[in-house]
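**Student:** Residue numbers (this note's numbering), protein chains in the order written: chain E, 1 to 276; chain G, 277 to 590.
There's no promise every hint is true.
[To be verified] Below are the DSS-like pairs computed for lysine-lysine, each with C-alpha atoms no more than 27 Å apart in a straight line: (1) Lys439/G with Lys46/E; (2) Lys373/G with Lys542/G; (3) Lys373/G with Lys114/E.
[Said to hold, decoys possible] Now the stretches of chain G that chain E is said to cover, found in silico as 3 or more residues with beta-carbon under 8 Å: (4) 522-529; (5) 552-566; (6) 574-581.
[As the list claims (entries may be wrong)] If we take Cβ atoms under 8 Å as the criterion, some of the chain E residues that face chain G in the derived model are: (7) Phe57; (8) Phe98; (9) Ser105; (10) Leu106; (11) Thr112; (12) Ile150; (13) Ile230; (14) Thr231; (15) Asn240; (16) Leu250; (17) Leu256.
Because the hints were derived from the structure by calculation, they are not lab data.
For every residue, glycine included, the Cβ atom is placed at its ideal position computed from N, Cα and C.
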Amino acid sequence: MKRNRLDSVLLYATAILTCALLVFPIYWLVVTALSEPDQLRQLPPKFWPDQPRWGVFAQILAERPILQWLGNSALAAIGAVTLSMTVSVLAGYSLSRFKVRGGQSLGLFILTAKMLPATLLVIPLFGIFRQLELIGSLWSIILAHATLIIPFTTWMLKGYFDTIPRELEQAAMVDGCSPLGAMVRVILPVSAPGLAATALYGFVLSWSDYAYARTFLTNAQTNWTANLGITTMKGEYVSNWSDISAASILVALPILLIYLFLERYLVGGLTAGSDK
Amino acid sequence: MSRHTLRQGEAPTMPRAAFLDLARPSRRHWLGYLLLAPAVLLIGLIIVYPLFVSVDLSFQNVNIARLDQARRPFTTANYERLFASEDFWNACWVTFKLVVIVSTGCFLLGMATALLVNNRFKGQALARLLVALPWAVPEVIAVVIFAWLFDSSFGLMNWIFIKLGLVDTTINWFSSPSASFAVVCVVMIWKGYPFVSIMLLAGLQSIPEDFYNAARVDGASAWQRLLNITIPSLMPVLGVTLVLVMLWVFRDFSIIYVLTGGGPLKATQSLSIMTYEQAFGFFKMGYASAIGVITLIVCIIASRLMIARAPDTM
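Please put together the full structure from these sequences, using the hints given.
**Tutor:** Okay, structure coming up:
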């Protein structure tokens, strides 16, 4: 269908205006980080700093334990994703391929577990982890994040395995593979893109958590995750928005990069299981 | 997801497969159970057991959850206190307002952006990426961004509002109950609409182009096409997305907690914030668990509704 010229102009104008407006808060974060702190206290505001201070990132990394926070977030996310993926790959495969008694109800339970409020689960987990003396340790975060991740990854992987033809396993078994061998040597390699996307989705979930880190790690400064560290900066330096913004960019960057490079896969994961 | 049911007539040549024919409708096998075992064990330990503990806590008068101590006597005092508490009803009202306003906002913006980037134009891929970008900003960082935008002295929003002549003096956003509630809504809508947009775009793309062509041939206007083709075809996705967004708003903790902490004057204290505040601010774990159990019941009902509306998710 051909559009006439006026429609085209209107479409482009709307598209540009909408994108600019919706992405503006992110742009403003960058401008704030690159502006001198006293420049931010001048009105009218500058929409691009006269002299962007690109050195702010190096400076903030030197002044604040941001690398440590990022490292803790990464460790927690890698731990939680490894644990969750191990159990969800097996469970997702089983739910996709076998008719297990209770499998249907388990699937339903997992789907419901996606909707559990963290503020409810955090109370008993606090009690349990205290008894196990895990409060303040990254292990508490790894286990708590697994409660967020497993329900998502199990469903995403079940959906992914459902799209792989069963003939693949049958052919492998004709060639002498055991059922387990068929899964490990044939199905898992074929599913690599799906596994990677699912794992990254789990990584995003873990990286974005604040509630569990706030509860379990507040008194263990060396184990602070990035989000927790940022909120302490916000409370402390009410006036220095430029440093907080620079630190925030460093914290948001890993997720933004994952999103930019893997948008298609992540979007597939988001819609899996809830859209036809 | 549809099950694969197409294999037929392969059995005679596959002696080994007869032992475990994955395509047979009745595939019950020890391996299926074995593969599920680790997940069941882990979910049991870190989700099911804690859920039981919190229901149990909600019926005890405990201040700090100490699992190694003897169980306190059974009591319904927490629930009685809860239903008599003004704060609880205030939190219910705040949560209700948030769910209605934020879900509506997310829907309108999500639908509009999905329809926009579903058009074919140069730069469409970039527009799609940008429109959903806030999804990739962690909630805490979104709060940092908006806390600065709405800063009372040098925030950009105050400057814009004054320039536009909407107000004549700077607004102190975080000390006025209604203004902070509005800011919470803005942040949540900005963070939540991309999910709606992504879901609806996936739905839009599954509508066959032929429907629109046929409608155009019959002389339907753009508005009629939207009302009679797009919206009805999106209904299943719309329903699921609506429930997911409402549940997200209902449960959200980080945005409100970091932005306002529930204040001022409890104007932004939702049920989640109240639960957390009671548990870790006042260490009334039993009382907090009772609020948590109520939110849990709401979540279970809502997710059951969603599953019933979308039988295809199974």
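**Student:** Hint by hint, note whether the structure agrees.
**Tutor:** Against the structure, the hints:
no.	hint	verdict
1	Lys439/G with Lys46/E	15 Å, holds
2	Lys373/G with Lys542/G	14 Å, holds
3	Lys373/G with Lys114/E	23 Å, holds
4	522-529	holds (count 4)
5	552-566	holds (count 6)
6	574-581	holds (count 5)
7	Phe57	15 Å, violated
8	Phe98	3 Å, holds
9	Ser105	11 Å, violated
10	Leu106	7 Å, holds
11	Thr112	5 Å, holds
12	Ile150	6 Å, holds
13	Ile230	6 Å, holds
14	Thr231	5 Å, holds
15	Asn240	11 Å, violated
16	Leu250	10 Å, violated
17	Leu256	5 Å, holds
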